Each structure stands twice: as structure tokens, then as C-alpha cells.
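Since the structure of chain A is provided, determine the placement of chain B on it from the hints.
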Amino acid sequence: MNNTLVFVKRSLNLSKILTGMGMGLAGLGIFVIFALSLLAGSSSAAVFVLPVSFMSLGLLIFATPVTLLYVYDKNNGVLEYLLSLGWNQSDIFKQYLKAALFLALILFIGEGAAILIAGAIAGLMAVFALDLLMLFLTAFMGFSVVSLVTVAMMAFSSLQKQRVGANTPLGMAIGVPFIFPTFYLSFLGFSPELIIYLLLCTLAAALSVALLLLSSRLIRREKMLP
Amino acid sequence: MHTLELSDVSSGYNRQIVLNNISFKLQEPSIYVVLGPNGVGKTTLFRTIAGILEPFSGNILLDGQNITSSREARKKLSFFSQNAMPEEMTVYQALKFYSNMEGGDPDKVIELLDLGALRDKRFSDLSQGQKKRASLAKVFLCERDLYLLDEPTANLDPVVSREIRDIILKLSKDKMILYSSHNLYEATDIGTYLVLIKNGSVSTFDRISNIKPKNYRVGIKTQTDITKIVDAKREGDYYVLSVSSPEEAGLALKKLVEKGVLVTEVRQLDNPLQELFESPSTQNAGRHEK
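So the protein lines, in turn, are chains A and B.
If you want my numbering, it's the position in the first sequence, counting the first as 1, plus 59.
If you want my numbering, it's the position in the second sequence, counting the first as 1, plus 6.
Keep in mind that the hints were calculated from the coordinates and are not lab data.
It is possible that part of the hints are untrue.
What the hints assert, rightly or not - Partial pick of chain A residues on the chain B-facing surface, computed with a CB cut under 10 Å:
{"no.": "1", "residue": "Arg69"}
{"no.": "2", "residue": "Gly136"}
{"no.": "3", "residue": "Glu139"}
{"no.": "4", "residue": "Tyr140"}
{"no.": "5", "residue": "Leu144"}
{"no.": "6", "residue": "Arg279"}
{"no.": "7", "residue": "Leu284"}
{"no.": "8", "residue": "Pro285"}
Stated by the list, open to error - To give an idea of the chain A side of the interface with chain B (calculated C-beta under 10 Å), a few residues:
{"no.": "9", "residue": "Tyr131"}
{"no.": "10", "residue": "Leu141"}
{"no.": "11", "residue": "Leu142"}
{"no.": "12", "residue": "Gly145"}
{"no.": "13", "residue": "Trp146"}
{"no.": "14", "residue": "Met283"}
Please read these numbers as outputs of a predicted model, since none were measured by experiment.
Positions of the beta carbon are idealized from the N, C-alpha and C atoms, including for glycine.
Isolated chain B, as found in the complex:
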């Protein structure tokens, strides 16, 4: 079983602290979604864990080895941030370039990410989405214990995003994956744990299934006007019920059925993570001098 432990880690650029006393521990294979608005320090967190930035203070231990000082520890992780591919090379040459340094088989990852059609195309000639997919391939050249994936599906079309999420989900059965995203639906879809960053610190670290919003908005689709039966408002195609728990929504639904209303669709309208993401302190994330 692999572990990643951050203890009171402060990090940033020059003398500016971006992350302040971050502490958390990953101790099971899973997808840990890192959420937070732009500029809150998600990429800084990934760079610090990857050993690219040296923390101002605190320790980062991967399987008990300090990432900052141990090259062996850093070889156990893989980091994806931006494209990071030599643009003048073909996709195959670029993957070969990295496989010469870290090992692995370029042909295997080309097959894994279905890059056969792009294999001999120059990286600079690819579209943004194709570049992202091709550069993501290098992360899978070697098998690692920890994968740090900073917005791996940004700019990708839904089909390719789905394929990549499937690969990552498969990988998460026996690997730890830190995955950042702005997309709350993607986060709830793929993640098991949430790491929410606010004001440069971790404000929430929990299983996503444990996160309950204070208010639920439930959309009910029906041809009948139900506003006289339950306290609902018409919004577009749905009658919207605002309730404080799923049980309360169930009771309202039971009432509609008893009155003979034909309900064709029921869905939760808001993402459970939205409340956490939109709380005012999240928006006030700032940087301060060390």
C-alpha cells in the first residue's frame, strides 16, 4: 500500500506564499479531485508534490521518502501539467525522447491513447485537443505509484475526455491519482475524494459521497401543473422543488404520485460540490509575502 503525506507544507514562487501549511494524507488507491478557483494554488500544489518546487517549509513523504531530497521518491510519480512536448518533433519522436530518459514503450502508449493516426505528425501541427491527448501519453510511459494530473481533460472534446477518464478510472484501482479540474460534474463523476483548496489551504478533505449540500434543488418533469400540490416553481422544462434533504424530496414525489401525477423525470439540479466551491472565502484566495 502506497502513501503520500503532506505535513505543514508551505510553498510558492520567489518569496510569495501560495500554499500555506497544507496537510493531508493519501493512503489508498483512488482518485483525489483537487478543486479550487483559478489562482488558488492547484498547480503550485502539484508542482510542489512533484518536487519541481522546493517547499518553503514542511515535508512531503511518498512511501516515507522525502520527495524534495530523494530522486528515488520522485521516480515513483508522474506529473502532467501543460503539453511539455518538443514541438518540432513528431508525436512518436517526442514520446521516444522521453522514453529514452524515463523508460517505457512509446508504441504501447500510442495504442493506449489511440494516437495511431497522429503518430507521425509534427506536434506543432496538431490541434489543441490533439496536443493535450498526445502529451498526456507520456505520463503513462512508465508505471508509477502516484499520478499528478493537472486538468488533463481541459480543451478536449467530450468523447476523448470520456476515454481519458476511463483510462484514469481503471488506473485508480491500484494507483493514487491527484486530479485537478474546474468541472464540478467531472469531479463528482470521477472522484472518490475531494481536496478543496481555499485561501492557499486545504479547507475540505473528505469522501465526495460524504459531502451533503444544505439545500437540494430537484427538477421534476411532468405535463401536470404541480404548483398547487407541492411548493414548486416552474423553471424552463422543470418544476423545481427546493428541499433540505433527499428524504423531503422523496415525500414530495410520493404526494405527487398519490395525486395521480405522471412524473417523467426527476433529477438533482445542482452539483453537491457547488456550495463548497462557491462559498465566499473560496473567491477570496490570495497570495501573501513569506
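Isolated chain A (complex conformation):
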């Protein structure tokens, strides 16, 4: 089995509650979209970010077990052994990041299929186009924040001494603030709403890439030891 799939499977086994919560939030977003689709013409652009926020948060929660797995592997010496095999900090971060993005992708495919079915049931091209835009925004926000939270969580996990689940808050505290403003954006007008949303996504993506690229310099190997 491919390494990434092994890490994905191990993450899913680690926290079924987070997996369920992620699916629940995604389901809530899909329900709102479905309701908007049924209302067809009245689905104002001012509220279309609301389901996107739910679905993005769903992707984040669904991928969170990977960060738990990282702390778990650090504590039981797996990371130390990977370092002895010739991996460096960046290799390790990338492996866990790939697993987190893969998990998010699984849920995103589910979200996409459900939304397109909802659009097809409504049968309106205008709604279908809006659905595609929402999917695009969900992917942009969701994958950016998943990357940021995963990398930040790994980079700063040594700052938290508690084991496994108790280590979640720091990474989440960095990533979730990117999603929460989008709930309020629903009450703004269309244009600034979209621009602010895209800026937030870009910022999250840029931060995660920067952290990943700097990981070998910023994060010493000893931070990965049990």
C-alpha cells in the first residue's frame, strides 16, 4: 500500500469523532446549498458563502486526525526512526501534509458530487453555475486552511506538552480564524465579500507554503524526538 494511504488509514483509525464531525459539517453545507437550489431564483449571492464556510470547516475537521497522528508518532518514536532512515524535517512534514490533503480530497469529492446532484435536481443553469463557484471557493479555502493547520500544527507541536488530542488547539487556533470571518461575510455585499474571501484563502495558502519551505531551517530535528 502507498505510504500516503497508510498514513490516511492510520489517521482515520485515530479519531472517528473528528471524522464524523467533518462529515456532519459538510452535510450541513450541502443541505444549505440544496435549500438554496430549491428556492432557485431567490438564492441571493449574499448568502452563498455560508455553505462554503460550513464545507471548508468540514474539510478541516475531517483532515485534523492527521495532526493527531503526527503528535502520536512523535511521542512513540516513529518520527525519530524516520529521521534515522535519512528523512529530514521537510520530508516528514510533506508526508503528513499529503495525508491531510488526501483526506480533505476524499470529503471534497463527496461534497462536489452531492452539490452537483442538488443542482441537477433544481435543474437551473444559473444555480448550477453558482454551485460550481461554491465548489471552487470551498476547495480554495478548504485545502489552503488544511495545509496551514497541518503544517503549523507540526511546526509548533513541541510548544504543547500534552499528548495526542490535547495538542489540537494550537494548530486549530491558527487555521480556524481564517474560516470564521467567512461566516460573517455572508452579510456583506457580493463584491467585497468575494474579494475578502479570496484574500483570506490566498493568505492561508501562502503561509502554509512559507512554513513548509522554511521547516528545515526553523524546526530543529530534536523537536521531533519523543
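Just chain B now, with coordinates in the frame of chain A:
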């Protein structure tokens, strides 16, 4: 012929120096026992040689390649410290997990370490000794030139310890093995060379057979009271002779035989490494800021 050379290596954690200007060279297949009390830096030494910790200064060359910068060099060694196994997996799955990354055949090492009965058990369900044995198996997945084994037999029962030592002894015929232990008898039993660490530096690097204690305590078992014949004291089942050389013990024994004493057992009571291990400076090993 493989070589490992450490030149003025200083290493530690954050800014704390644990190892200070360590230098030694391994240039023949053998077991090199690393001795030193807790906290002296044995694990730090192993982690630094394995490339896990980057040394503050100095070079570590394996066959001329710098371990810190060369991934190829790090692939020539295997490191065993703690269990380091995904606890939620079975023994086979965990070994498969590592064999996907570094190669090797899990079934082969399961057979080598006689893990057949544990093969499909979850790692988290194993006893401490079983965990140690199962996790040690991953070290042997691939053939390496240098093995770094940090207390591989700690927490194991004597039978399993013996089996593992036999595997390591066999391996040492053509591989270099750095082996740390707290057990002085195990060290003299398995080791050819001694690397003694004191105050974060190597204080002794020599063949174990060259290490001679200043005083020998020889235990003699006999039914006869020999205290009037030789200068011995009764301690438990033995009459104990304190001598300065093995030759002196031989002369005392000859005297007993000449007097018609029936000696049923003669043994050296202290380990030759004990004096080195217990010297005061060993106990004062400390850490200091870089």
C-alpha cells in the same frame, strides 16, 4: 572494510552541550560497547551518529561520507532506540510499514527473531519485553554496515536476551555494532571494544581484553578454613582473596593445593569494567551551556 570516524563532535539539545569534543574511530567489524551512567549522553551519541541530531561542531564520517549531510551515508546504518512502532498496528503490519520505506522482508525478520506467535497481535497488546523484541526486528529488515543499538536487551528476559545477543554476535563478524548497555557483565560478555563516556567525553576507548583492574577479588569455594593459609576473608559461600594481579591469585591457589585443600570453585568476583564505571568522575557527568 567500513569505517566510522568521529572528529571533535559536540552535540546536544537546544543550546545544551551533552557531548563535548568526542573523537574515536571504528575500523573493523566488531561490537563496540558504549558504557556510562544514565544521563551521560549515550543516547545523544547514538542519535548524533544516526544523523537525527545535527552536531554543534565536528564531523562524523561513515566510509568517508559525512553523515549529517549525506542521505546515502545514513542509509548505511540502522538505529534502534526505543520501540518506535505504530502501536495500533499488528507486528506484521508495523514491519510492513517500515519495509515499504526502507525495503526488506517482514517475514524474514519475523522468522529471525522468532516472532511467529506475535505476528498478528496488535503492538499495543504486547508486553514490554515482546514490544522490545518486535521493534528490534525492524533494525534487521535491511542489511546495513553499521548498527547503533541503544540498550537492545533492556527489559527482556534472560532467554530472549541471550537469543538477541547471539544474533548480534553473529552479525558482528562482518558489521560494526555500537551497543549501549548498563550491564557490565553483558558488556564483557558481548563486547570486543569499550567506549566509556565520562563528563560528555570519551574517557576510554580500548579492547576490553586490555582493561586490567587495579585489584582483583577472587572467590574460592572450599570446605576447609583457608584463612590461616592465605590472606582471605569469608564472605557468604566464598573465601575472598584480594590480590593485585591474576598471577598473585594463582600463587595463592598453588599454596592451597600444596596444603591439600580441596578447592571446588574459583571465580573472579568483580567485573573488570566496574572500576572504570564507578570512578568518581563518571558519576559527575553534567551538562553545560554551549
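These are the hints, each one checked on the structure:
1. Arg69: holds, 6 Å
2. Gly136: holds, 4 Å
3. Glu139: The hint holds - Glu139 (chain A) has a Cβ within 10 Å of chain B, the shortest such distance being about 6 Å.
4. Tyr140: Hint on Tyr140 (chain A): holds, closest Cβ of chain B at ~4 Å, below 10 Å.
5. Leu144: holds, 5 Å
6. Arg279: With a minimum Cβ separation of about 8 Å from chain B (threshold 10 Å), the hint on Arg279 (chain A) holds.
7. Leu284: holds, 7 Å
8. Pro285: At 7 Å from the nearest chain B Cβ, Pro285 (chain A) passes the 10 Å test, so the hint holds.
9. Tyr131: holds, 8 Å
10. Leu141: At about 8 Å, which falls below the 10 Å cut-off, the nearest Cβ of chain B leaves the hint on Leu141 (chain A) intact, so it holds.
11. Leu142: Status holds, d = 4 Å.
12. Gly145: holds, 4 Å
13. Trp146: With Cβ-Cβ at 8 Å, under 10 Å, it holds.
14. Met283: For Met283 (chain A), the interface hint holds, since the closest Cβ of chain B sits about 8 Å away, which is under 10 Å.
The structure shown violates none of the earlier numbered hints.
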